[in-house]
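Protein chains: 2
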Amino acid sequence: MNALTEKRYLTLPEPSAGDTLAARERLLAALPEGCRLTLGCMQQLYPVLHEAGYRVTVTLCPGAGGTDVVRVEPGDTTDRNYGLCLDIGSTTMQMELVDLLSGKTLAEAACTNSQTQFGANILDRILAVKENPDNLHTLQALTLDDVRQMIERCCAQAGVPPEAVSAMTVGGNTTMLHFFLGCDPWQVFQSPYTPVFFDPGVLRASELGLPIAGNIFCMPAIANYLGGDITSGLLMTDLDTREDLALFLDIGTNGELVLGCREFLLMGAGAAGPALEGAVSRSGMRAEPGAICRIKIGPDNRLRYETVGGLPPKGICGSGILDLIAEGFLSGWIDSAGNLQKSASPCICDVWDDTRQRNVPAIIYAYDGNVPLYFTQDDIGEFLTCKAAAHTMVATLLESVNVSPSEIGAFYLAGGFGTHYDLESAITVGLYPDLPREKFKILGNSSLAGAKRLLLDTGCRARLDQIRALATYVQFGEMEKFVENMQAARFLPHTDASRYPSVMRRLRERSKTFPPGKLAAERSGAD
Amino acid sequence: MNALTEKRYLTLPEPSAGDTLAARERLLAALPEGCRLTLGCMQQLYPVLHEAGYRVTVTLCPGAGGTDVVRVEPGDTTDRNYGLCLDIGSTTMQMELVDLLSGKTLAEAACTNSQTQFGANILDRILAVKENPDNLHTLQALTLDDVRQMIERCCAQAGVPPEAVSAMTVGGNTTMLHFFLGCDPWQVFQSPYTPVFFDPGVLRASELGLPIAGNIFCMPAIANYLGGDITSGLLMTDLDTREDLALFLDIGTNGELVLGCREFLLMGAGAAGPALEGAVSRSGMRAEPGAICRIKIGPDNRLRYETVGGLPPKGICGSGILDLIAEGFLSGWIDSAGNLQKSASPCICDVWDDTRQRNVPAIIYAYDGNVPLYFTQDDIGEFLTCKAAAHTMVATLLESVNVSPSEIGAFYLAGGFGTHYDLESAITVGLYPDLPREKFKILGNSSLAGAKRLLLDTGCRARLDQIRALATYVQFGEMEKFVENMQAARFLPHTDASRYPSVMRRLRERSKTFPPGKLAAERSGAD
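Taken in sequence, the protein lines are chains A and B. The first sequence runs 1 to 527 under the numbering used here. The second sequence runs 1001 to 1527 under the numbering used here.
Everything labelled a hint here was simulated from the structure, so no lab data went into it. Among these hints, one or two may not hold up.
What the hints assert, rightly or not - With a Cα cut of at most 25 angstroms, we get these calculated SDA-like pairs of lysine to any residue:
1) K104(A) to A164(A)
2) K130(A) to V1048(B)
3) K1130(B) to P74(A)
4) K1130(B) to S16(A)
5) K481(A) to K1130(B)
For reference, chain A alone in the conformation it holds in the complex (with noise of 0.2 angstroms):
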């Protein structure tokens, strides 16, 4: 373990009628040149150092152009060192105590970004800070009494004081990470897209009134839409040192890729769209309980799902329309093209579209009571679009450095996408290139992992440099032919099948065993 910060149990000379240095300068004496003190701890030596006769541990932590001195304890305590992560996503925040000498996570605390006062979009936040600067300072405090209280949770249950955590580490997006430090975000979206800081440098805790005792480490952005939620998730990643290529995709409603190797890494972000977030259809919704979160479609044509939490289903979130279209596809109540096939099975008919003031096709995937919820045309189409997006930028990326998507070693899949979605469904539509699934990584919560390991290794630090010194920043919005091959990948997996081997095989399979003729004369409805 090489971690962030260090602890040194020193034996400093005594004090005597001829030795009659300062404690401080007693203190930096035994250290490596460019150690610097922090106020709190130099407020600590007396009585301390006095009382502990002069064998003392302290915490060292990186600082700005040297190193803080930023705790000092009676005797060894060497055998204790505690760290904090941090993840701050627009929607939830995440906290991770870690033993920094063992690397395991003794408490966990998550909380809703109580920015969402605000809006859930980041958008609505952002403006509102435009209408009004104090909303900044506003959005600033509750971050931070979020992140007081997650501390406070989980050095409670860790049984480990603030002030014995020697580090924080954090990860979020750059409008995250600007409403934390009390920056304005405007310019993440707007010309001339300069956010205030790509990489704010180390910070200590006292400036953001935090009481641990060590600095805070904010994974630094790449660009404005690659943030530090990216770099972060990197860390998990071989990307900087592996020598053939790699792809690491972050995507929700923003879609953030990276392409590379030790040689270059080839950056892009794009939007993609609510859908993938469930924020598609009127039934729509996040992963909450009663969202249908899994869907299947059975030898007998008949729809079968789970629910979030076992309860009677409410709509139906991110993993569920994808299993929906996937498996309609296969089932051929979906064709290549999205179209609804009405023949296919008695859960598709017309229902009333209030916006349009007409009929539209839709599936009626289930039954809230009486009510039923539906997935409609427009809703498949909104959808394909999401899908054709992040796709498309995957596929433009590897274009720009003519590599064929087999040549990718590794396919990093960050974010809660990557983790609550089927991955089948997710190739089936074209969503992922259609790969050896070996090669598939699910990393989770990258950007709260990656947190955690710069925690356990300092050495992440040099490689966050090498990382953003590697990067070059790809704009899709500038690129040829990208709105054409968007085009291409609106259909189901791709216009190009032949890219799709593994889907076709399924697709062949599926037709065999239960024949759409056969489905439809037997009418069957949802469960």
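We have chain A already, so just place chain B on it with the hints.
Positioned in the frame of chain A, the structure of chain B alone reads:
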């Protein structure tokens, strides 16, 4: 002017599609290596940079291990830059707001140090912390409140917002700087005599909750009793650069002195006693309105006085006592052994001493209404002990390098003493050596003046390092003959009268114009 802080006007490249560097990184790219932005400055970047068309002025302030960018302003504001200097005296605090371009003081403030709520004596305050550690926080809070109020007053006077202050330099003795920073000064007075710090390093104003933009620079101490007030004072001398020897003396209840040249600095400190600050005799007082501050005994053998503010006399302060002894000696009222000569003046008579429960000889030097104000034989004894201690510290330092007083090229007098006392009287009583008067340099509050000099000349930081490197600390208590020398110095002006030729000459002249016999015959009373 080579001020401690620097303003730079920058024309940054405007962002474009091909140049989307974040604001912080854009700014740092235009500055030398080793610059860092404070959090406060980073928070200003948007909208300042954008609105100012990327033409901004940054304020650079030395920080720990690099240069801190503490402020960013739109446009070119290099024509204004302000600093604060502060002296934290144990009784009085003084502050000046300084124009760092012209060197002019734009505003001044002073206040009683609120720590005096815990006692006029420093030791009382230290003991209060020993009794209850919470008092440390209270003492710091009181000090910081005083400082904040003075900042407010200075800034309001000069029409300068606090956030335009780019640095604050602070002089003060070791205990005062400890309270200022919330560090326990117990070991300033207590074995092993190792305070928490000599040099606390550069501090951020935000760490102390002070509203200025720039950093805080406390004057470094050399030893326990040779605090930041002394090093600050030395900046007002040329001791560290001159070829021949000079002496620096700051005397009050304690004496601190430095003898040296560019080759070495010999430093010592010791208790002188409270007599020089008026805290001797029942009618002794501080130099407040109504205190007798000047005394002359004329050829008519009459004692005449001046009071502070011209008010009716209430008591006598240090400078009055010094004159009383000097004039009394020259007029034959007091002999060279310090004994009152009743025959010399009708002002000298016996008074009842409550403590001793017997009559003691005294000089009735004034009347407060009908109540006589007097100075007893014992008071004289106490004064002589104080002046002997001060004299002996100087003599011992000189002897330790085998130098006679006449070899001293300059004698710097720091603090209230040097400013308010009559130099002739001080030499007459043998407090200072009998040097040509032009060698005496009156510095006034050199702790404040040195702090101001540091604001205006960043080269002083190197000088302070040099001063600390040249310094050798002499322990008077451990020196041979110190007590013996002190005994010899209890005489007026000294047992060895040949050391005071100018005093002997004045004594002869005075007795010629007005022989003591004649005075005794006239028996004229005090005015």
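Hint-by-hint comparison with the structure:
1. K104(A) to A164(A): Roughly 16 angstroms separates the two Cα atoms, so the pair holds.
2. K130(A) to V1048(B): At roughly 14 angstroms apart (the allowed maximum being 25 angstroms), V1048(B) and K130(A) satisfy the hint.
3. K1130(B) to P74(A): 20 angstroms, holds
4. K1130(B) to S16(A): 22 angstroms, holds
5. K481(A) to K1130(B): 77 angstroms, violated
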